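Enquirer: Below, each chain spelled out in residue letters.
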Amino acid sequence: MIYETAQKTISDDALMKTIYFDNAATSWPKPEDTLVAMNLYSQSIGASPGRSGHRLSIEAGRVVFETRDALAQLFGIHDPLRIVFTKNATEALNIAISGLLKPGDHAITSSMEHNSVMRPLRSLEDKGLELSIIPCSGQGDLNPDDIVPHIQKNTRAVILTHASNVTGTILPVADVGKIAREHGLIFCVDAAQTAGAIPIDVDEMLIDLLAFTGHKSLFGPQGTGGLYIRNGLEKVIAPVMTGGTGSKSEFEEQPDFMPDKYESGTLNTIGLAGLGAGVRYILSQGIDAIRASEEVLTTAFLRGVQSMDGVILYGHRNASRRIAVVSFNIRDMSPSEVALALDERYHIMSRPGLHCAPSAHKTIGTFPAGTNRFSFGYFNTVDQVQSAIEAIHQLISGKGSYARNH
Amino acid sequence: MTEPEEYYVALFESISQVLRSEKILKNAGIPHKLIPVPRHISSDCGVCLRFTSNLKKQIEDILAGKVDVIEMRQL
Ligand SMILES: Cc1ncc(COP(=O)(O)O)c(C=O)c1O
Numbered sequence: 001m002i003y004e005t006a007q008k009t010i011s012d013d014a015l016m017k018t019i020y021f022d023n024a025a026t027s028w029p030k031p032e033d034t035l036v037a038m039n040l041y042s043q044s045i046g047a048s049p050g051r052s053g054h055r056l057s058i059e060a061g062r063v064v065f066e067t068r069d070a071l072a073q074l075f076g077i078h079d080p081l082r083i084v085f086t087k088n089a090t091e092a093l094n095i096a097i098s099g100l101l102k103p104g105d106h107a108i109t110s111s112m113e114h115n116s117v118m119r120p121l122r123s124l125e126d127k128g129l130e131l132s133i134i135p136c137s138g139q140g141d142l143n144p145d146d147i148v149p150h151i152q153k154n155t156r157a158v159i160l161t162h163a164s165n166v167t168g169t170i171l172p173v174a175d176v177g178k179i180a181r182e183h184g185l186i187f188c189v190d191a192a193q194t195a196g197a198i199p200i201d202v203d204e205m206l207i208d209l210l211a212f213t214g215h216k217s218l219f220g221p222q223g224t225g226g227l228y229i230r231n232g233l234e235k236v237i238a239p240v241m242t243g244g245t246g247s248k249s250e251f252e253e254q255p256d257f258m259p260d261k262y263e264s265g266t267l268n269t270i271g272l273a274g275l276g277a278g279v280r281y282i283l284s285q286g287i288d289a290i291r292a293s294e295e296v297l298t299t300a301f302l303r304g305v306q307s308m309d310g311v312i313l314y315g316h317r318n319a320s321r322r323i324a325v326v327s328f329n330i331r332d333m334s335p336s337e338v339a340l341a342l343d344e345r346y347h348i349m350s351r352p353g354l355h356c357a358p359s360a361h362k363t364i365g366t367f368p369a370g371t372n373r374f375s376f377g378y379f380n381t382v383d384q385v386q387s388a389i390e391a392i393h394q395l396i397s398g399k400g401s402y403a404r405n406h
Numbered sequence: 001m002t003e004p005e006e007y008y009v010a011l012f013e014s015i016s017q018v019l020r021s022e023k024i025l026k027n028a029g030i031p032h033k034l035i036p037v038p039r040h041i042s043s044d045c046g047v048c049l050r051f052t053s054n055l056k057k058q059i060e061d062i063l064a065g066k067v068d069v070i071e072m073r074q075l
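Residue numbers (our numbering), protein chains in the order written: chain Y, 1 to 406; chain Z, 1 to 75.
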């Protein structure tokens, strides 16, 4: 039924014209490799990893291991078993935050955080966590020196997004990592927007906990993600879920070793097969090439609209200081009107509103109306960006309604 | 004819650890085989790595600090 509906509403013709600028929500399309790997797993392996000793189960285990290995390579992690698989970044952040912090602890975060960081922290605050939220600039920047005065005796951790999903601003993770390490604080990074988009090295950046999602720039399917836990920290982080792991089955207590401590229940093996292929695709293209191509798209967009009367741009003007995420508003139009017009008249898929980050919008002065967000991906082209610039130009000059092409 | 080979198995706590060890040995070109845990040895994880006894020291060294081996047992 649903499939039929989808077929009816999105014809091949419309799909051809589609300009997908919502890669920060989830990347699309995926590399062919991702789809091939998922197909291959379901057609010729299919078994549950780590639960039985038969050939297919071992092969499924290898698929999962190869995904860990590829991610370890991408993030400079020496031991792939330090990576725990989750269903997304949100689950990873919940393990990191609620597994680590206790009533009476103090945690530091920024005002640019996504609700997947803010909400777990706010819930803990109700139970007695002390929280400091460091204000960022109107462009979404954090001054690392602002952290130090907030460090107290009971400060346990700093939790920081690597890049804002609203303004695209890249935050100074390595500098904050250094401060955290100097003060003996655990440093947790939300890499939902940056993993696969810009280089990450957990050792160089002194990251203790790295939460990532599989379905954005890592080119995996939805339902995949994970958490890197630095050696030893598994001793102080309680699992959010316990259950069957296929290991230590003679005991009714949860195993205490990685990654089993945090991986209860059958994994999303088909999803992880796709994620592994997505990450290997990134490794083969080279993260620098991906970053460079996304920077070209961002620069083209910023150049195209920055002098347009009626466009309000947020975040840095210089694409090197941001990921390929841009927020803007058009004077006298609400974000949802703009997004609807872009979709219906120009086949441009964007996201309007608050982007699950109310605090970030307060920081840049766009609360509660929000912004329009374009998020470019490796498979977008400069031509598509030019079409979008033209579409925005038409919307501003009131000509948008004549461009309806259906 | 050569002497019949003497084998050892390395036992691990989980399949993830077996597979990580397998990869390390593969990358180092050290011959080994992933086999079901022999019946007379009890191990929950189902599979283990088998290798000839002359490789024991080399394998111990290469896995040291990387993967926790429960034990190495002669077959
Ligand atoms: C900065 C940031 N953190 C966390 C998330 C959560 O990712 P997911 O929805 O895959 O859990 C997102 C995206 O939704 C994000 O943009």
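FYI, nobody ran anything at the bench for these hints, they're computed from the structure. One should not assume that every hint holds.
[Unchecked claim] Label-pair distances were calculated between CB atoms; the ranges are: (1) Gln74(Z) to Pro29(Y): 52 to 60 Å; (2) Ala64(Z) to Gly46(Y): 49 to 57 Å; (3) Ile41(Z) to Lys235(Y): 43 to 51 Å; (4) Phe251(Y) to Lys33(Z): 27 to 35 Å.
Since the structure is predicted, the reported quantities are computational estimates derived from the model, not experimental observations. Backbone N, C-alpha and C fix where the C-beta goes; we use that ideal spot for every residue, glycine too.
Enquirer: Evaluate each hint against the coordinates.
Expert: Tested hints:
In this structure the hint that Gln74(Z) and Pro29(Y) lie 52 to 60 Å apart at CB holds, the actual value being about 54 Å. Between Ala64(Z) and Gly46(Y), the C-beta spacing of about 36 Å breaks the proposed range 49 to 57 Å. Range check, Ile41(Z) to Lys235(Y): about 29 Å between beta-carbon atoms, so the 43 to 51 Å window is missed. Take Phe251(Y) and Lys33(Z): their Cβ atoms lie about 29 Å apart, and the range 27 to 35 Å holds.
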